[in-house]
Each structure stands twice: as structure tokens, then as C-alpha cells.
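With the sequences and hints as input, model every part of the structure.
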Amino acid sequence: MPHISRLFIYPIKSCAPVEVERLVFDRHGPVGDRRFLLVDEQGGFITQRQQPKMARIRPVLEETVLRVDVDGQATLRVPLAEQGALRKTVTVWNDSLSAEDCGDDAAAWFSSALGIDCRLVRLPADSQRQVDLRYAEPGQWVSFADGFPVLVTTESSLGALSERVGRDIQMERFRPNVVVNGSAVFAERRWQMLKHKDGQLAICKPCQRCVIPTRSMDTLEREADVLDALKELCRIDGKILFGQNALVSDIHQLCVGDELTEHFVE
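Numbering follows our numbering, in which position 234 of the sequence shown is assigned residue number 234; successive positions increment by one, without gaps.
One or more of the hints may lead you astray.
Cross-link-like lysine-lysine pairs, in silico, DSS-like; alpha carbons within 30 Å at most [to be verified]: (1) K53 x K205; (2) K53 x K239; (3) K195 x K53; (4) K195 x K205; (5) K88 x K53; (6) K197 x K231; (7) K197 x K239; (8) K195 x K239.
For the record, the hints were derived by calculation from the structure and aren't laboratory data.
Structure representation (C-alpha cells):
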């Protein structure tokens, strides 16, 4: 029976993951997931695509603060919520939205860590960033994630990729929220829905991959054999696809070990 084997959140978009035992959902997706974002002076979002060193930045959610560490710098603590925070307009892909600036100390910390001018911003509680209406109903929101609240991958498909490369490839390269075990290799390409005891994950569209999964998590260097394997196994209509973007319906939480029923496109 397919079941959830691993769960992840990414408190700061494109920084290191946090593996968890359960995901709790609010109207923006998994609680704590992509609620912080690094932006440039114009408010444009910054990711590992341009700044691979972001992978070295380690966020941890505490009760009232976000704790952030990176080698060579003192720990930074940023409030999870702050009344009266200054707001600025930021962009994530084609979306412009209001965000809360986390202050000069945080900006200096991240600018030092990455060697560029940048600022940390926080998703406001009242944010209403709409999921693409081609896939969602009006009033379905998303955080600072690329476009959808949840990304699902499978152990079996990663296994096929690792076998092709000849060594174990870490799932964290693909930055999923939900990892499924017990599904056939690349079965996710035919998913329509994953049924959970409380509701469902509605499958929206395959995730088109960028450069990030081709980088070693140790050296941050691009690995040609991983790119070759992705091209061989995951290129469809000229795009490299791995994993599925999803919307959550009637699910308050997902836990490691939860069983899922696959529903396929006919």
C-alpha cells in the first residue's frame, strides 16, 4: 500500500529543508513552509538557482521565532510574527504580493552569508496569493512556494534515478513536501488524485525541474551524470519533470506512515 515515508518543510524558500513527522495545513499550505523569502533590492525573489550557497543556510522553527544558522556566523533569530512590520511589494515569478520586511539586522546577516545585498521578508497572515486559476478555485492561496502548496515525489522514481546514476541521490535535491513509498516507478505521472483517510491531494501538474537537483548537496557543484539521468528518464516533451504539484482538500494534517490510495487518469 502506498504510504507517506517522509515529510519536509522549507521555512525560508530555497534554504535548507527541515524534515518533520507531520504536516499541518492552513490556508497557505503546510504550516511553516516557505513563509520567509529572500529578495533583492527591487523585491525580486532569490533562490538557489542564482545563489547555490543558500543550501548552506539552516532554518529551524521555534515556538515564536525562526532560528537561522550558517557556518561562520552567529545565530540569527527572527520573530515568526511582528505587529507593525513595514511592508514591501515582492515578486515570485509572475506574482506581486505584499510582504513584511524582517529588518536591517536580518538583512545584514543574510547579505553577509551570501555576499550580496538582500533582505528577508515574511508572509503576512492576511496574504492572498492565488494559486493559478487554471488548476485551482478562486480563494485557494499559496505561500512563497513556486506556485502550488504541496510537491509530492516517490521513493521508487528516485530509486530509478539513483540506479541510472550509479549512486544514491538524495531526495532533498528535489525539495518535496510529501514523499510516497510503495508506488510503482514513475506512477506519479498518471496520478489524478491521492486519497487520504481525511481527504485528498488533488494532482495539478508535473513539476518542471531547474538546475537545483543537478547540484551536489555536499559541494554545490553541478553533476553532469545526474543531468544525463534526468534527461534520459524524466524528459517529456522537452521538459525535465520529476514529482507532482498538488492541492490539499479536507486534510488538516499528514503524518509519516499515513496510507494513500492512488487514483489514476483514465
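The hints, checked one at a time:
1. For the hint pairing K53 with K205, the CA-to-CA distance comes to about 29 Å; that is within 30 Å, so the pair holds.
2. A C-alpha spacing of about 26 Å is found between K53 and K239, which places the hinted pair at or below 30 Å, so the restraint holds.
3. Annotation: proposed proximity of K195 to K53 is violated, straight-line Cα distance about 37 Å (limit 30 Å).
4. Between K195 and K205, the direct Cα distance comes to roughly 17 Å. Compliance with the 30 Å bound is thereby established for this hinted pair.
5. Proposed proximity of K88 and K53 is supported: the alpha carbons are some 25 Å apart, at most 30 Å.
6. About 36 Å separates the Cα atoms of K197 and K231, which puts this hinted pair outside 30 Å; it is violated.
7. For the hint pairing K197 with K239, the CA-to-CA distance comes to about 34 Å; that exceeds 30 Å, so the pair is violated.
8. Note on K195 and K239: the hinted pairing holds, with a Cα-Cα distance of about 28 Å set against a maximum of 30 Å.
Violated hints, listed in ascending order, are 3, 6 and 7; each of the other numbered hints is respected by the structure.
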